[in-house]
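S.K.: Okay, here's what each chain looks like letter by letter:
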Amino acid sequence: AQKITQTQPGMFVQEKEAVTLDCTYDTSDPSYGLFWYKQPSSGEMIFLIYQGSYDQQNATEGRYSLNFQKARKSANLVISASQLGDSAMYFCAMSLNTGTASKLTFGTGTRLQVTL
Amino acid sequence: DVKVTQSSRYLVKRTGEKVFLECVQDMDHENMFWYRQDPGLGLRLIYFSYDVKMKEKGDIPEGYSVSREKKERFSLILESASTNQTSMYLCASSFNIGTSGSTDTQYFGPGTRLTVL
Chain A
26 AQKITQTQPG MFVQEKEAVT LDCTYDTSDP SYGLFWYKQP SSGEMIFLIY
76 QGSYDQQNAT EGRYSLNFQK ARKSANLVIS ASQLGDSAMY FCAMSLNTGT
126 ASKLTFGTGT RLQVTL
Chain B
48 DVKVTQSSRY LVKRTGEKVF LECVQDMDHE NMFWYRQDPG LGLRLIYFSY
98 DVKMKEKGDI PEGYSVSREK KERFSLILES ASTNQTSMYL CASSFNIGTS
148 GSTDTQYFGP GTRLTVL
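If you're matching them up, the sequences are chains A and B in order.
FYI, this note's numbering numbers position 58 of the first sequence as 83, with every residue one higher than the one before it.
FYI, this note's numbering numbers position 44 of the second sequence as 91, with every residue one higher than the one before it.
Incorrect hints may have been included.
Heads up, simulated BS3-like pairs for lysine-lysine below, C-alpha to C-alpha not over 25 Å straight-line [unchecked claim]: (1) B:K102 - A:K28; (2) A:K28 - B:K104; (3) B:K50 - B:K118; (4) B:K117 - B:K65; (5) B:K118 - B:K65; (6) A:K28 - A:K95.
Here are some chain A residues pointing at chain B (derived, C-beta under 7 Å) [to be verified]: (7) F72; (8) L73; (9) A126; (10) G134.
Derived contacts from chain B toward chain A, CB cut-off under 7 Å, selection only [to be verified]: (11) N78; (12) G89; (13) F95; (14) Y97; (15) N143; (16) S149; (17) D151; (18) T152; (19) Q153; (20) F155; (21) P157; (22) G158.
Just so you know, the hints here were simulated from the structure itself, not pulled from any lab data.
Please read these numbers as outputs of a predicted model, since none were measured by experiment.
Just so it is clear, CB atoms sit at the ideal spot from N, CA and C, and this is done for glycine as well.
Pulled out of the complex, with its shape left as it was, chain A reads as follows:
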């Protein structure tokens, strides 16, 4: 069975500093995708970044990068130059193709607080 683990319930980071949010996963499927979503206090889940299991390079999207270590089954999110607007819940997720549709399995999330 697939599982996503986020071990940090909460994190603090100072504005303009970089922060790493941890995510480990478990799957026996050789083909999978890894995702990070941001959920501000308004509630909407915002897609941030995607990494495929066969991708050779780490994904980057602006200030977001995904540190993909396949052998360790980790997919940590790195946010560079943190901003106050980055304060939110962050969820790691993994896709599983069921044959009819790809479903996502989510971790329990990490709450990031950016301070002045």
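Based on the hints, put chain B in the right spot on chain A.
M.R.: Then chain B, alone, in the frame of chain A:
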């Protein structure tokens, strides 16, 4: 831009009422999903649909049903609402090309906070 809308941001219902949560997407996505989100538990999949009139149970389907009569619309139905169904409900949609990839990305609506009294 992908747009997923949900009929209500906040909803208050009484125990035993029949509740309809509506979700509409405008990107011609084949797949649509309903999740509930509770503190400390992350997002849990209730039901999903991969085509019109086609549906599959997710991880926690008990107490819920769904309807997809048109491609763009996916409804979640609580036949007889109970207090333990008080939660945040999130709808999402994605493409389906049959293989894993970035098209698995799900796009979410703003959520409905349902309170059952």
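S.K.: Work down the list of hints and note, for each, if the structure agrees.
M.R.: Against the structure, the hints:
1. B:K102 - A:K28: holds (23 Å)
2. A:K28 - B:K104: holds (19 Å)
3. B:K50 - B:K118: Holds, at about 14 Å.
4. B:K117 - B:K65: holds (21 Å)
5. B:K118 - B:K65: holds (23 Å)
6. A:K28 - A:K95: Judged against 25 Å, a Cα distance of about 15 Å means the pair holds.
7. F72: holds (6 Å)
8. L73: violated (10 Å)
9. A126: holds (4 Å)
10. G134: holds (6 Å)
11. N78: holds (4 Å)
12. G89: It holds, given that the least Cβ distance between G89 of chain B and chain A is near 4 Å, below 7 Å.
13. F95: holds (6 Å)
14. Y97: OK, holds: Y97 of chain B within 7 Å of chain A, min 4 Å.
15. N143: holds (5 Å)
16. S149: With a closest approach of 5 Å, the S149 of chain B hint holds.
17. D151: Constraint on D151 of chain B satisfied, holds at 4 Å.
18. T152: holds (6 Å)
19. Q153: Constraint on Q153 of chain B satisfied, holds at 6 Å.
20. F155: holds (4 Å)
21. P157: holds (5 Å)
22. G158: holds (4 Å)
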